[in-house]
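Residue 703 in our numbering sits at position 87 of the sequence shown; the count goes up by one each step and never skips.
If you are wondering where the hints come from, they were derived from the structure by calculation, not from laboratory data. Treat the numbers as computed from the prediction; the structure is a model and nothing was measured. Accuracy of the hints is not assured; some may be wrong.
Stated by the list, open to error - The following label-pair restraints were derived from C-beta to C-beta distances:
id : residue 1 : residue 2 : range
1  : Glu-673   : Pro-750   : 28 to 36 Å
2  : Val-701   : Arg-655   : 22 to 30 Å
3  : Phe-814   : Glu-689   : 46 to 54 Å
Note that CB positions come from ideal geometry on N, CA and C, so glycine has one too.
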Amino acid sequence: MLDLHTVLSQSAEWNRFLKMAEADRCHSLCFLAPEVVQRELAAMVARSLWGDPGAGEEDLLFAGQPGSPPGIEECRALALELSMVPVRRTFRVGVILSADRLSLPAANSLLKLTEEPPPRAKMVLLAERDNLIPTLRSRLAVFNLLPLEHRSPAPPPVGEGWGDLLRRCSSPGGRVDLVALRDEMNGWVGFLVSQGRFDEAQRISRVMEVLSTCPLSTSMAADMAFLTLEEGLDLA
Numbered sequence: 617m618l619d620l621h622t623v624l625s626q627s628a629e630w631n632r633f634l635k636m637a638e639a640d641r642c643h644s645l646c647f648l649a650p651e652v653v654q655r656e657l658a659a660m661v662a663r664s665l666w667g668d669p670g671a672g673e674e675d676l677l678f679a680g681q682p683g684s685p686p687g688i689e690e691c692r693a694l695a696l697e698l699s700m701v702p703v704r705r706t707f708r709v710g711v712i713l714s715a716d717r718l719s720l721p722a723a724n725s726l727l728k729l730t731e732e733p734p735p736r737a738k739m740v741l742l743a744e745r746d747n748l749i750p751t752l753r754s755r756l757a758v759f760n761l762l763p764l765e766h767r768s769p770a771p772p773p774v775g776e777g778w779g780d781l782l783r784r785c786s787s788p789g790g791r792v793d794l795v796a797l798r799d800e801m802n803g804w805v806g807f808l809v810s811q812g813r814f815d816e817a818q819r820i821s822r823v824m825e826v827l828s829t830c831p832l833s834t835s836m837a838a839d840m841a842f843l844t845l846e847e848g849l850d851l852a
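Using the sequences plus the hints, can you model the full thing?
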């Protein structure tokens, strides 16, 4: 079984989430993770959002099961529960398991809830594949926590490598989607950290944070990465 704690300890994406949680900039989130760890991960996400590991699991509400997503009625019931006063915490956390398997009606029923959760609630979706309908995905900050072996540390481009990357991201014949580009960037972060180039790693992490919340084109994202590492752009 996948060791979740080992994955998270090495994950730039998890650390990016923790920084957003600490700054209280998390409202509707999606974590890409294997189904086998989704319930455990959801509890870890909730505790990080709450800011402490103490009691209060009564305010962690699940819809669906690993491998079996909730239907439209269960999604509506979750929305109703999230509108109620928390039992022990300052806010409730609603969790959708196996969100990548949602039916279209169930996914559509979550649009309003994820765009504007109740005042004392946050939404967390868990998915094994990044295939949510665009109208739902655009409302979420997405964090890729799939096994790290899929995203090995690799150096960022240099010289002609940047030209090749920009062509792959802008050419219809060699298009790189935004998820694949963010995975490449995550590998760069791991490489830069291993080389002690912490400032560059932090700046690329900020670019990844922007890409998780802003609907940029892949070519614009590649341009931003180039400006960050080659021209000193800092999105802080």
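Cross-check of the supplied hints:
For Glu-673 and Pro-750, the hinted distance range of 28 to 36 Å is satisfied, since their beta carbons lie about 33 Å from each other. Range check, Val-701 to Arg-655: about 25 Å between beta-carbon atoms, so the 22 to 30 Å window is met. Evaluation of the 46 to 54 Å hint for Phe-814 and Glu-689 yields a pass: the beta carbon distance comes to about 49 Å.
Checked against the numbered hints given earlier, this structure breaks none of them.
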